[in-house]
Amino acid sequence: MTSQVRGVQLARLLGQWHALPGRRRSPDYAALAAAVRGLLADGRLPLGVRLPAERDLAEALRISRTTVTAAYRELRETGHLASRRGAGSWTMLPGTHRVASTGLWTPLDDRDMIDLGVAALSAPAQLVPAARAAAEDLPRYLGGAGYHPTGIIELREAVARAYTERGLPTSPEQIMVTSGTQHALDLVLRLALSPGGGVLVESPTYPNALAALSARRARITTHGLAADGDGWDADLLLGSIRQTRPKLAYVIPEFHNPTGHLMAADLRERLVGAAHAAGTDLIVDESFVDLPLDGTPLPPPVATFDRHSRVISIGGMSKPYWGGLRIGWVRASAPQVQRLAAARVGVDMASPVLDQLVAVHLLAQGPGIVIDRRIQLAAQRDALVKAMADRLPDWKVTVPRGGVTLWVELDGPISSALARAAEEVGVRLAPGPRFGLDGTLERFLRLPFTLPAADLEEAVGRLAAVRYDLDRAGRPQWREPSVIA
11 MTSQVRGVQL
21 ARLLGQWHAL
31 PGRRRSPDYA
41 ALAAAVRGLL
51 ADGRLPLGVR
61 LPAERDLAEA
71 LRISRTTVTA
81 AYRELRETGH
91 LASRRGAGSW
101 TMLPGTHRVA
111 STGLWTPLDD
121 RDMIDLGVAA
131 LSAPAQLVPA
141 ARAAAEDLPR
151 YLGGAGYHPT
161 GIIELREAVA
171 RAYTERGLPT
181 SPEQIMVTSG
191 TQHALDLVLR
201 LALSPGGGVL
211 VESPTYPNAL
221 AALSARRARI
231 TTHGLAADGD
241 GWDADLLLGS
251 IRQTRPKLAY
261 VIPEFHNPTG
271 HLMAADLRER
281 LVGAAHAAGT
291 DLIVDESFVD
301 LPLDGTPLPP
311 PVATFDRHSR
321 VISIGGMSKP
331 YWGGLRIGWV
341 RASAPQVQRL
351 AAARVGVDMA
361 SPVLDQLVAV
371 HLLAQGPGIV
381 IDRRIQLAAQ
391 RDALVKAMAD
401 RLPDWKVTVP
411 RGGVTLWVEL
421 DGPISSALAR
431 AAEEVGVRLA
441 PGPRFGLDGT
451 LERFLRLPFT
461 LPAADLEEAV
471 GRLAAVRYDL
481 DRAGRPQWRE
491 PSVIA
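For the sequence shown, the working numbering assigns the number 11 to the initial residue and increments by one for each residue that follows.
Everything labelled a hint here was simulated from the structure, so no lab data went into it.
One thing to keep in mind: the hints can contain errors.
Have a look at the derived ranges for each label pair, beta carbon to beta carbon [said to hold, decoys possible]: (1) Leu364 - Asp400: 40 to 50 Å; (2) Ala464 - Arg229: 27 to 37 Å; (3) Leu201 - Arg252: 33 to 43 Å; (4) Gln26 - Pro403: 18 to 28 Å.
Using 25 Å as the maximum straight-line C-alpha spacing, the simulated DMTMM-like pairs for lysine to aspartate or glutamate come out as follows [to be verified]: (5) Lys406 - Asp421; (6) Lys396 - Asp479; (7) Lys257 - Asp238; (8) Lys257 - Asp245; (9) Lys257 - Glu279; (10) Lys396 - Glu467; (11) Lys406 - Glu467; (12) Lys406 - Glu433; (13) Lys396 - Glu468; (14) Lys406 - Asp276; (15) Lys396 - Asp238; (16) Lys396 - Asp365; (17) Lys396 - Asp276; (18) Lys406 - Glu468; (19) Lys406 - Asp392; (20) Lys396 - Asp465; (21) Lys257 - Asp276; (22) Lys396 - Asp382; (23) Lys396 - Asp122; (24) Lys406 - Asp304; (25) Lys396 - Glu419; (26) Lys396 - Glu279; (27) Lys406 - Asp240; (28) Lys396 - Asp240; (29) Lys406 - Asp358; (30) Lys257 - Asp243.
Glycine is no exception: its CB is placed at the ideal position from the N, C-alpha and C atoms.
The task is simple: from the sequences and hints, build the whole structure.
This is the structure:
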């Protein structure tokens with residue numbers, strides 16, 4: 011089923027459309043059409059949704075129907091709208107494609123390259139002692155075959171205890187250990203999604219989630235997040251679930267990747283209720299839940315509001331600890347965990363026991379490690395924000411209260427061109443279109459603050475230099491990086 015945007019909803023998204031730059035040089039219908047194109051390009055208005063009837067939008071905007079008719083006609087002429095008599099008009103982009111290809115190429119071993127394509131920290135000092143302690147524990151497991159499809163009991167107990175301490179009572183039987191959060195997502199999709207199944211995702215969202223959904227041939231629809239404010243438009247998000255009734259919805263409620271938004275408690279509860287009513291299962295990615303940076307109190311976990319086993323939570327060690335430790339997990343009902351374990355046997359059998367033991371020792375020191383990480387990230391975030399204010403003042407930044415990334419609004423639709431130019435001066439970027447569908451989000455750029463402050467300041471200096479060269483030279487084609495995390 012196609013989602014529909016009502017007149018009042020589109021009017022709210024459009025905001026002060028009549029005051030946009032260039033307004034005085036264009037008639038009302040052209041300004042309205044330009045504003046709709048801007049929403050599509052920024053991902054706030056999803057593709058494939060049905061726009062309101064002309065009369066409905068005219069009433070919501072308090073303008074003449076003739077103006078809306080002319081604006082819709084211009085959108086059709088520019089390839090941003092498809093209409094069928096008696097059925098309505100749907101949003102689109104000219105020459106669209108869906109998910110950007112992975113485009114893998116061999117990464118350069120260039121010590122001068124500042125890699126801002128990966129939003130992950132280097133390993134904590136506690137990793138080596140934890141690995142030594144894990145090696146000493148390993149003999150206890152050598153008498154068996156070493157296959158634990160749901161994970162070793164020590165790690166499942168540690169993860170379950172962490173959920174319980176967050177206010178969500180959890181037993182080890184509700185936990186399955188995976189080889190990273192991406193692996194957890196892939197296993198859930200294998201179990202819960204058939205080819206062609208509908209999935210609702212945020213826009214922007216984590217690009218590797220889009221790749222996993224594309225590999226499963228999912229039918230993806232999007233809910234646009236604002237770059238500033240609260241991010242989620244509750245009316246539009248819940249309306250999309252009610253109208254499209256997707257099989258799955260994938261959300262990142264804690265310090266969203268890439269925007270850094272934190273979903274409010276009341277929306278979490280309403281989201282679970284809407285999902286239950288629509289028959290939709292929620293995949294909740296909690297990768298950044300350990301990383302509030304300003305003493306921000308966390309709302310209850312989304313699964314707290316689940317009474318019907320509709321919520322499957324995934325998380326892992328990569329963001330707060332180290333990406334090289336490929337340990338993640340799924341939290342679900344015990345029967346769901348057993349079904350996931352059965353499906354897993356045909357994929358990779360189990361996660362390495364030694365890695366799981368390392369994770370056990372790190373989680374035992376978790377509070378101290380995580381506090382150090384938060385202090386480090388807050389300082390690096392502030393250094394990056396200051397450097398951008400000094401060197402790139404035309405770029406708009408909403409400072410996130412947690413997570414590891416800034417979602418930057420650029421001064422033009424230049425993200426892909428900027429990424430290619432930046433590579434030439436030794437900065438690797440993940441441009442906005444990688445976080446959405448169909449070539450949208452060219453006005454945005456994700457910048458992680460996981461590197462030392464000096465590296466971030468140097469990167470901003472290089473970006474400032476190439477930004478102003480783009481206006482004088484042809485914009486190069488961007489070559490996609492090997493890893494975006």
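Checked hints:
Here the CB-CB span from Leu364 to Asp400 is close to 46 Å, well matched to the stated 40 to 50 Å. In this structure, Ala464 and Arg229 break the distance hint of 27 to 37 Å, their C-beta atoms being roughly 45 Å apart. Distance hint check for Leu201 and Arg252: the Cβ-Cβ separation is about 25 Å, which falls outside the suggested range of 33 to 43 Å. Remark: the range hint 18 to 28 Å for Gln26 to Pro403 is upheld by a beta-carbon distance near 22 Å.
Only pairs whose Cα atoms come within 25 Å are accepted, and Lys406 paired with Asp421 is accepted, the gap being roughly 8 Å. Taking the CA atoms of Lys396 and Asp479, the gap is near 22 Å; set against the 25 Å cutoff, the hint holds. Of the supplied pair hints, the one linking Lys257 and Asp238 is violated, its CA atoms being roughly 29 Å apart against a limit of 25 Å. The straight-line distance between the Cα atoms of Lys257 and Asp245 is roughly 20 Å, inside the 25 Å bound, and the hint therefore holds.
Our distance criterion of 25 Å between C-alpha atoms is met by Lys257 and Glu279, whose separation comes to about 19 Å. In summary, the hint linking Lys396 to Glu467 is supported, as the alpha carbons are separated by about 9 Å, within the 25 Å threshold. Under the criterion of a C-alpha separation no larger than 25 Å, the hint pairing Lys406 with Glu467 is consistent with the structure, at around 17 Å. A threshold of 25 Å between alpha carbons decides the hint, and for Lys406 with Glu433 the separation of about 22 Å falls inside it, so the pair holds.
Of the pairs offered as hints, the one joining Lys396 and Glu468 holds, with about 12 Å between alpha carbons and a cut-off of 25 Å not exceeded. A hinted pair counts as satisfied when its Cα atoms are at most 25 Å apart, and Lys406 with Asp276 does not qualify at roughly 28 Å. For the hint pairing Lys396 with Asp238, the CA-to-CA distance comes to about 18 Å; that is within 25 Å, so the pair holds. With a CA separation close to 38 Å, the supplied pair Lys396 and Asp365 exceeds the 25 Å bound.
Taken as a hint, the Lys396 and Asp276 pair is broken in the structure, with Cα atoms around 33 Å apart against an allowance of 25 Å. Taken as a hint, the Lys406 and Glu468 pair is honoured in the structure, with Cα atoms around 19 Å apart against an allowance of 25 Å. Using a Cα cut-off of 25 Å, the hinted pair Lys406 and Asp392 holds, with the two alpha carbons roughly 15 Å apart. A hinted pair counts as satisfied when its Cα atoms are at most 25 Å apart, and Lys396 with Asp465 qualifies at roughly 13 Å.
Distance hint between Lys257 and Asp276 is fulfilled; the C-alpha atoms sit about 23 Å from each other, no more than 25 Å. Proximity of Lys396 to Asp382 is assessed by CA-CA distance (about 22 Å); at most 25 Å being required, the pair is judged to hold. Under the criterion of a C-alpha separation no larger than 25 Å, the hint pairing Lys396 with Asp122 is consistent with the structure, at around 23 Å. About 20 Å separates the Cα atoms of Lys406 and Asp304, which keeps this hinted pair within 25 Å; it holds.
Using a Cα cut-off of 25 Å, the hinted pair Lys396 and Glu419 holds, with the two alpha carbons roughly 16 Å apart. Among the hinted pairs, Lys396 with Glu279 is inconsistent with the structure: their alpha-carbon atoms are about 36 Å apart, more than 25 Å. Between the alpha carbons of Lys406 and Asp240 the distance comes to roughly 16 Å, so the proposed pair stays at or under 25 Å and holds. With a C-alpha separation of about 23 Å, the suggested pair Lys396 and Asp240 falls inside the 25 Å cut-off, and the hint holds.
At roughly 44 Å between alpha-carbon atoms, Lys406 and Asp358 are farther apart than 25 Å, so this suggested pair is violated. Among the hinted pairs, Lys257 with Asp243 is consistent with the structure: their alpha-carbon atoms are about 21 Å apart, no more than 25 Å.
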